[in-house]
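**Q** Heads up: the sequence lines are chains A and B, in that order. Just so it is clear: in the first sequence, position 268 is 268 by our numbering, and no numbers are missing. Just so it is clear: in the second sequence, position 11 is 11 by our numbering, and no numbers are missing.
Since the hints were derived computationally from the structure, they do not count as laboratory data. Keep in mind the model is a prediction, meaning the values are calculated, not measured. Hints should not be assumed to be uniformly reliable.
As the list claims (entries may be wrong) - Quick list of the computed label-pair ranges, beta carbon to beta carbon: (1) A:Ser70 / B:Asp51: 51 to 59 Å; (2) B:Gln8 / A:Ala96: 47 to 55 Å; (3) B:Glu13 / A:Asp113: 23 to 31 Å; (4) B:Arg17 / A:Asp113: 39 to 47 Å; (5) A:Cys6 / B:Arg21: 39 to 47 Å; (6) B:Asp46 / A:Ala85: 37 to 45 Å; (7) A:Thr45 / B:Gln8: 40 to 48 Å; (8) B:Arg17 / A:Thr151: 39 to 47 Å; (9) A:Tyr177 / B:Gln8: 29 to 37 Å; (10) A:Ser251 / B:Asp46: 23 to 31 Å; (11) A:Arg259 / B:Asp46: 30 to 38 Å; (12) A:Thr151 / B:Arg19: 45 to 53 Å; (13) B:Gln8 / A:Leu35: 32 to 40 Å; (14) A:Leu171 / B:Asp46: 29 to 37 Å.
As the list claims (entries may be wrong) - Not close to chain B: a few residues of chain A, all C-beta gaps over 10 Å, as computed: (15) Thr11; (16) Arg42; (17) Thr45; (18) Gly84; (19) Ala103; (20) Gly148; (21) Pro190; (22) Arg301.
To be verified - From the structure, some residues in chain A lie toward chain B, with a derived Cβ separation under 8 Å: (23) Ala10; (24) Leu14; (25) Arg205; (26) Ala208; (27) Lys235; (28) Glu242.
Glycine included, each C-beta is placed from N, C-alpha and C at the ideal position.
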Amino acid sequence: MRCQKCKGTATVELRRHHTAFCNAHFIEFFDRQVLRAIERERMFTREDRILVAVSGGKDSLALWDVLRRSGYAATGLYINLGIGAYSRESHQKSVAYAEAHGAELLIADIPEDYGMSVEEFARATGRVSCSACGLSKRYLFNRVALDGGFTVVATGHNLDDEAAVLLGNLLHWQTEYLARQAPVLESTHPRLVKKVKPFFRIAEREAAAYAIIQGIDYIVEECPNSAGARSLLYKDALNLLEQAAPGTKQSLYWGFLERGRPLVRAQDDAALRDCLHCGAPTTGEVCAFCRMTELAAERMRIRRGVSHAEPVSTP
Amino acid sequence: MKVVIRHQKREVEVAGRRRVRDVLVELGINPESVLVIRGAQLLTHDTQVGDEDMIELRPVVSGGGA
Numbered sequence: 001m002r003c004q005k006c007k008g009t010a011t012v013e014l015r016r017h018h019t020a021f022c023n024a025h026f027i028e029f030f031d032r033q034v035l036r037a038i039e040r041e042r043m044f045t046r047e048d049r050i051l052v053a054v055s056g057g058k059d060s061l062a063l064w065d066v067l068r069r070s071g072y073a074a075t076g077l078y079i080n081l082g083i084g085a086y087s088r089e090s091h092q093k094s095v096a097y098a099e100a101h102g103a104e105l106l107i108a109d110i111p112e113d114y115g116m117s118v119e120e121f122a123r124a125t126g127r128v129s130c131s132a133c134g135l136s137k138r139y140l141f142n143r144v145a146l147d148g149g150f151t152v153v154a155t156g157h158n159l160d161d162e163a164a165v166l167l168g169n170l171l172h173w174q175t176e177y178l179a180r181q182a183p184v185l186e187s188t189h190p191r192l193v194k195k196v197k198p199f200f201r202i203a204e205r206e207a208a209a210y211a212i213i214q215g216i217d218y219i220v221e222e223c224p225n226s227a228g229a230r231s232l233l234y235k236d237a238l239n240l241l242e243q244a245a246p247g248t249k250q251s252l253y254w255g256f257l258e259r260g261r262p263l264v265r266a267q268d269d270a271a272l273r274d275c276l277h278c279g280a281p282t283t284g285e286v287c288a289f290c291r292m293t294e295l296a297a298e299r300m301r302i303r304r305g306v307s308h309a310e311p312v313s314t315p
Numbered sequence: 001m002k003v004v005i006r007h008q009k010r011e012v013e014v015a016g017r018r019r020v021r022d023v024l025v026e027l028g029i030n031p032e033s034v035l036v037i038r039g040a041q042l043l044t045h046d047t048q049v050g051d052e053d054m055i056e057l058r059p060v061v062s063g064g065g066a
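Bound-form chain A, shown alone:
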């Protein structure tokens, strides 16, 4: 197979675009896709201070890499979730990238700051691990961005991630979630930082190809808690469809953004106020993160036989 641009040996075939590229021209294509998404969706400019959520995986490190190479002011944020060897390796990959590229990396440490890991939060409160983990990450991305004066949080969610979430929301007609699914979530409260997904046009295998071609050393092993996750089942199903009909994932998600989301958008009007405990924006009196951490701490105290209530530690 030949590169469409230079006719050299192709390394990456893009069936949904009916094309293939060599390493250099794939990177050129990739950059263009990401920059087009950033500009068309008005995600941020070179004046913004961007906080990139970095997990040590291919998507987040690739995103950080593209933004840095393209002249954006992008600082990484790694969150230690306390998931054993997986967290240790993902931390090491994130730090190694930052050191090798002279990039600024902030670290938030959940076990250190809140006294327990996300798995312990989950066990203590009866949540599934992925739910406690997602809630903790969303909360800390916003909090660290706010405290650090960042104007936008960028995550590495790619086309496959978004298509899988969309499929799940459609299968269960989660209209509330459908209304909130978008590549740009504007700030709707003074303490809520804008969130963007610059890879929403990028397929998962394209992000992996970028990372490999750029020599980025990322964590390949999956989080042990993701085994059996419903989102992986949806991704497998979509990959079966994609293999038979290239462009299916793109058509599903981009079509939703263009034609489906306007139909459910009106429902996205929940008023936000300040959490009574931490000040974060929330629709209730106390935000979901405070409720989870406080309940977990209370149950741990009961288990340990401590009867008096002590305030939950906050960083």
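Chain B: place on chain A using the hints.
**A** Same frame as chain A, now just chain B:
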């Protein structure tokens, strides 16, 4: 050739010269879900590989999450 299937943490031997696409079909792996690497080089699915090669099938599907 030796095929390292990274996400299944196993290695298999596949005999004979053939295209990458045929190796994946033989192993029952959806080509959408992996990248194929020889040395440090990515391979397209029409690339011929033979007995002397060692290739890695690197999963691209990640997630879980909420």
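**Q** Determine for every hint whether it applies to the structure shown.
**A** Results for each hint:
no.: 1; hint: A:Ser70 / B:Asp51: 51 to 59 Å; in the structure: violated, 43 Å
no.: 2; hint: B:Gln8 / A:Ala96: 47 to 55 Å; in the structure: violated, 26 Å
no.: 3; hint: B:Glu13 / A:Asp113: 23 to 31 Å; in the structure: violated, 49 Å
no.: 4; hint: B:Arg17 / A:Asp113: 39 to 47 Å; in the structure: violated, 56 Å
no.: 5; hint: A:Cys6 / B:Arg21: 39 to 47 Å; in the structure: violated, 23 Å
no.: 6; hint: B:Asp46 / A:Ala85: 37 to 45 Å; in the structure: holds, 38 Å
no.: 7; hint: A:Thr45 / B:Gln8: 40 to 48 Å; in the structure: holds, 44 Å
no.: 8; hint: B:Arg17 / A:Thr151: 39 to 47 Å; in the structure: violated, 55 Å
no.: 9; hint: A:Tyr177 / B:Gln8: 29 to 37 Å; in the structure: holds, 32 Å
no.: 10; hint: A:Ser251 / B:Asp46: 23 to 31 Å; in the structure: holds, 25 Å
no.: 11; hint: A:Arg259 / B:Asp46: 30 to 38 Å; in the structure: holds, 36 Å
no.: 12; hint: A:Thr151 / B:Arg19: 45 to 53 Å; in the structure: holds, 49 Å
no.: 13; hint: B:Gln8 / A:Leu35: 32 to 40 Å; in the structure: holds, 36 Å
no.: 14; hint: A:Leu171 / B:Asp46: 29 to 37 Å; in the structure: holds, 35 Å
no.: 15; hint: Thr11; in the structure: violated, 4 Å
no.: 16; hint: Arg42; in the structure: holds, 26 Å
no.: 17; hint: Thr45; in the structure: holds, 29 Å
no.: 18; hint: Gly84; in the structure: holds, 15 Å
no.: 19; hint: Ala103; in the structure: holds, 22 Å
no.: 20; hint: Gly148; in the structure: holds, 24 Å
no.: 21; hint: Pro190; in the structure: holds, 26 Å
no.: 22; hint: Arg301; in the structure: holds, 26 Å
no.: 23; hint: Ala10; in the structure: holds, 5 Å
no.: 24; hint: Leu14; in the structure: violated, 10 Å
no.: 25; hint: Arg205; in the structure: holds, 4 Å
no.: 26; hint: Ala208; in the structure: holds, 4 Å
no.: 27; hint: Lys235; in the structure: holds, 5 Å
no.: 28; hint: Glu242; in the structure: holds, 5 Å
Checked against the numbered hints above, the structure violates hints 1, 2, 3, 4, 5, 8, 15, 24; every other hint is satisfied.
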